[in-house]
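*Asks:* Protein chains in written order, with this note's numbering: chain A, 1 to 608; chain B, 1001 to 1282.
Treat the hints as calculated values from the structure; they're not laboratory data.
Watch out, some of these pointers could steer you wrong.
As the list claims (entries may be wrong) - Which chain A residues stay away from chain B? Per the calculated CB distances, all over 10 Å, these:
| # | residue |
| --- | --- |
| 1 | D98 |
| 2 | T158 |
| 3 | A243 |
| 4 | A413 |
Stated by the list, open to error - Some chain B residues well away from chain A (every beta-carbon gap over 12 Å; in silico):
| # | residue |
| --- | --- |
| 5 | I1038 |
| 6 | E1089 |
| 7 | E1097 |
| 8 | L1135 |
| 9 | R1141 |
| 10 | C1158 |
| 11 | P1233 |
Said to hold, decoys possible - Listed below are several chain A residues computed to face chain B (Cβ distance under 8 Å; list not exhaustive):
| # | residue |
| --- | --- |
| 12 | G370 |
| 13 | P450 |
| 14 | S453 |
| 15 | T454 |
| 16 | V462 |
| 17 | V463 |
| 18 | G465 |
| 19 | G466 |
| 20 | D471 |
| 21 | L472 |
| 22 | D473 |
| 23 | R474 |
| 24 | E533 |
| 25 | R537 |
| 26 | A540 |
| 27 | W544 |
Ideal placement from N, C-alpha and C gives every residue a C-beta, glycine not left out.
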Amino acid sequence: MTTETAPAGRITLPGGEMLAWSDLPQERLADGGPLAALAARLVPPGARVLVAGPHDPALLDQLAHAEVTCLLRSHPDAVALAHRAARLVVGGPAGLPDDETYDVVIAAAGLDPVESVEGTQLGWDGVLARLVAVLRPGGALLLRLDNPLGLHRLVDTTPWYARRDDAAWAIGGVLDRARPANRDQLRERLSVAGLMPATCWAAYPDVSTPTALLDADHLDRDAGSGLFDAVLHGACAGGFTSATVLQDPARLAVDALHAGRAADLAPGWLTLAHRPADPEDPSTPTADRDLPVALVQTGRPGIGVLEVLHGPSGWRWGLIPTSDPRTPAGAPFASGKAAYRDADALSGPVPSGRLLRTVLLDAAVRRDLGTVRALLRGYAGWLTDQADADGRIAGAAALAGTDNVVFDGERYAVLDPSWRVTAALPADVVLARALWRFATGLLTGGYAHPWPSTLDVAGLTVVLGGLAGHDLDRATVSEAVDAEAAIAAALHGLDAAGTADLATELHAVAPTDPPIGGHSYQQLREAWLRQREELTRLAALTAWTEELLTSRERALRRAETTISLLSGSISYRVGRLAITPARLAKRGARAAKRRAIAVLAPKQEEQQ
Amino acid sequence: MHHANHFYGHAHVLARYAGLGDRHPPRINGYVQHGWNIGDGLAPGHPYAERTPSLLWSEQTRRRAWSVGRRNVVVMGAPFVYLLALRREDPPAEEREGTIWYPFHGWEGQHVKGDHRKLIALIRDTEPGPVTVCLYWHEYRMRNVRRLYERAGFRVICHGYRGHWWKDTDPDFLDRQLTELRRHRRVASNRLTSAIFYGIAAGCEPAVYGDPMILSNEDPTFGGTARIRRQWPQLHGSTVDLPTAVEIARAELGTDHRCTPAELRELLGWANLQEEEEDRDD
Chain A
1 MTTETAPAGR ITLPGGEMLA WSDLPQERLA DGGPLAALAA RLVPPGARVL
51 VAGPHDPALL DQLAHAEVTC LLRSHPDAVA LAHRAARLVV GGPAGLPDDE
101 TYDVVIAAAG LDPVESVEGT QLGWDGVLAR LVAVLRPGGA LLLRLDNPLG
151 LHRLVDTTPW YARRDDAAWA IGGVLDRARP ANRDQLRERL SVAGLMPATC
201 WAAYPDVSTP TALLDADHLD RDAGSGLFDA VLHGACAGGF TSATVLQDPA
251 RLAVDALHAG RAADLAPGWL TLAHRPADPE DPSTPTADRD LPVALVQTGR
301 PGIGVLEVLH GPSGWRWGLI PTSDPRTPAG APFASGKAAY RDADALSGPV
351 PSGRLLRTVL LDAAVRRDLG TVRALLRGYA GWLTDQADAD GRIAGAAALA
401 GTDNVVFDGE RYAVLDPSWR VTAALPADVV LARALWRFAT GLLTGGYAHP
451 WPSTLDVAGL TVVLGGLAGH DLDRATVSEA VDAEAAIAAA LHGLDAAGTA
501 DLATELHAVA PTDPPIGGHS YQQLREAWLR QREELTRLAA LTAWTEELLT
551 SRERALRRAE TTISLLSGSI SYRVGRLAIT PARLAKRGAR AAKRRAIAVL
601 APKQEEQQ
Chain B
1001 MHHANHFYGH AHVLARYAGL GDRHPPRING YVQHGWNIGD GLAPGHPYAE
1051 RTPSLLWSEQ TRRRAWSVGR RNVVVMGAPF VYLLALRRED PPAEEREGTI
1101 WYPFHGWEGQ HVKGDHRKLI ALIRDTEPGP VTVCLYWHEY RMRNVRRLYE
1151 RAGFRVICHG YRGHWWKDTD PDFLDRQLTE LRRHRRVASN RLTSAIFYGI
1201 AAGCEPAVYG DPMILSNEDP TFGGTARIRR QWPQLHGSTV DLPTAVEIAR
1251 AELGTDHRCT PAELRELLGW ANLQEEEEDR DD
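All chains should be built: construct the whole structure from the sequences, respecting the hints.
*Replies:* If you want it as structure tokens, here you go:
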């Protein structure tokens, strides 16, 4: 917390401030992430903006082109942010001056933290009414609402009604009729408050620091979108790594997407609403045209906020580059790193189609080998087409795994072309790496599949290679795992020792392991069940082998008895005598051969 | 591991396809389906270790095996499909002649009830060209049965002994069968069996007719011959629609599921063979 003296006159204290409280988020994204990028887009230059409630300081930095007033309940927060805003009102919403209006009001932390513990509690509608009152006609409100039935609650090990942290002096939940609980109710409340709801973005994986903001209407409509699939999976897989959860949030989010319910299960929503302009003054300060379909922060390394915008022929990529000086610009060919991200690559169209990983997983769990084979052959053929004369693949295609390739039923295409290798890789290694990654996810994720449980990850990779029409060997798979470790190390900035540790860890992944990364109870239980199944199989096999061994030993004893009986017979003795010269000759020849080898060997060494 | 894997030289064919040469095949980490089957793909009565992989011919058999409680069931296609890949050269149609006829056989422990004479008369009335009758090992050794067919003017052959408890397995059984099938224009039997599907895959026109010769102790669990006739009526009769038969044989033999050599080595547990085993078998 900053304790420097605030610039005089910027902070006003109308009463209700909290002196021993801070709301500033602990987790922060570079440049404020997608939320700050969206806010910056919504605020025209020179606009008067009210930022109500606690926000990431980086968001205020993104609004440097506007005149910003902050409404904060925490006095220490106001002191910390004083340099970033034109004015700071510290207290509850009642402290907002009646005679001031704003072009844009941003309440991207929701309405709850706008209210102070001090003074009369206005409630959700009361706070909204207060904010609407200071929004000038024609102005825009960006408002966050948390979803009481969001994905974060479905995977949380602690139920929402049992919170005991300091901020839980009141707990909002689905039982509270005073606040809206879904998007329909939110639209209704906004209308009642005199606003016109416009675009709504679903915030994943966490509504406080979302790494993905996705247009909710598009999420409802484009249930099979490979883009949304990859973004939701990436955001949720990366968003819960430090917490133990009940079930895999990425699986849940992607399932929700395919059921047309990803917007409904979002941890929260950010809604844009307008206050109708005065009939005599129809001008609108904010332009809703060209608002992004998606704003995503992917990494590592982060290169800024990726945007998906409407283009003349479908969606196209855009990028708001990061201002972080630690992010290297351009291709780090000289650094010797295996991979990097190329910000310039994000300008073309976003290819449509379903995510290859999803269609492959679907075919695997349904044990549809025909579809798996057709998909993998098409994918491997597409990869091979991109190899140069030496059979090496460069650029984005070399990192085009099943989680970054979309398939529209005919064509395969790289989704996000910013991931690139520095030096081209052999085509077989590229394919083996992609298949190894898929095999690892399939086995450790506990998915049903049509292959025997006796296969290890490398074995399944070879089998998938066979289905793709490529006879991979284990040495290629091993090379691919090393390549994977080098690529991951380059992207995560690991040193040589870290890379070696990672390679060892990746080589050791077993089908009975839970997934790498965050743990969910469901997946841990599944891993335990797989281990138990394997033990059952091995125990049955041992019992069977014991039984067989007993029977074969018995057969051997019978055979030995027969042999000893026969070897004592006269005909055996006569026969043995007859072949004795031949046996002696053979023995002599062997000894001569050994001697010759012994004589020749040192000479050959000397010649070398 | 399981002796049934060696029946008909199946393990030998798979080892050759997997690039292990003509060596004695290493142990297979699972049970390879050794005949066309309307059950779970495994021969009833054999002891099996629980949850050891079943390596089955077709997707339909996989579904059926799963539904009767088998787990670790994997489709890899019939060993015959691997043999076809090793010996791709199908002879031209003009080099094929007559019919190879497989009177239904049980295995050694079963006894077929039926009238061979009636069957011979029917074959003579039906088959347009010369007939080769292929008898199963134990019937071939039964002189009276063999004579019946020889006296009818048929060429009588036997592909070899399938083997039992790793003993006397004829590693060329399947090879010999393929060679014979490719000499003939038609393949026929009184029951829909592996041989009919092999024949179709080897380019013969199939036919299934005549007394199916019920086994005295036939296991009725999966519905027996009556069910076979109900489920595959298209393949029964003295002439059947060839494209339909080819399509069904493709599915039943799992032709499209044939693995690549490296893939097969993984599925059979041959990818990491121990040196001692290789040394011993060389």
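*Asks:* Does the nearest C-beta of chain B fall within a distance shorter than 8 Å of the C-beta of V462/A?
*Replies:* At 5 Å from the nearest chain B Cβ, V462/A passes the 8 Å test, so the hint holds.
*Asks:* Was P1233/B rightly flagged as not at the interface, with every chain A Cβ beyond 12 Å?
*Replies:* holds, 25 Å
*Asks:* Would the stated hint for V463/A survive a check requiring a Cβ distance to chain B of less than 8 Å?
*Replies:* Holds: closest Cβ of chain B sits about 5 Å from V463/A, inside 8 Å.
*Asks:* Would the hint on P450/A stand, with a C-beta cut-off of 8 Å toward chain B?
*Replies:* holds, 7 Å
*Asks:* Far enough from chain B: is every CB of that chain over 10 Å from the CB of D98/A?
*Replies:* holds, 72 Å
*Asks:* Does L472/A pass the interface check with chain B, least Cβ-Cβ distance below 8 Å?
*Replies:* holds, 6 Å
*Asks:* Hint validation: W544/A versus chain B, beta carbon distance must be below 8 Å. Holds or violated?
*Replies:* holds, 4 Å
*Asks:* Does the claim that I1038/B lies outside the interface with chain A hold up, using a Cβ gap greater than 12 Å?
*Replies:* holds, 20 Å
*Asks:* Just checking, L1135/B versus chain A, shortest CB gap more than 12 Å?
*Replies:* holds, 29 Å
*Asks:* So, G465/A near chain B? Judge it on the closest CB pair being under 8 Å.
*Replies:* Holds, about 7 Å.
*Asks:* Is the shortest C-beta separation between T454/A and chain B less than 8 Å?
*Replies:* Where the cut-off is 8 Å and the nearest Cβ of chain B is about 5 Å from T454/A, the hint holds.
*Asks:* Quick check on R537/A please, does its C-beta sit within 8 Å of some C-beta on chain B?
*Replies:* For R537/A, the interface hint holds, since the closest Cβ of chain B sits about 4 Å away, which is under 8 Å.
Checked against the numbered hints given earlier, the structure satisfies every one of them.
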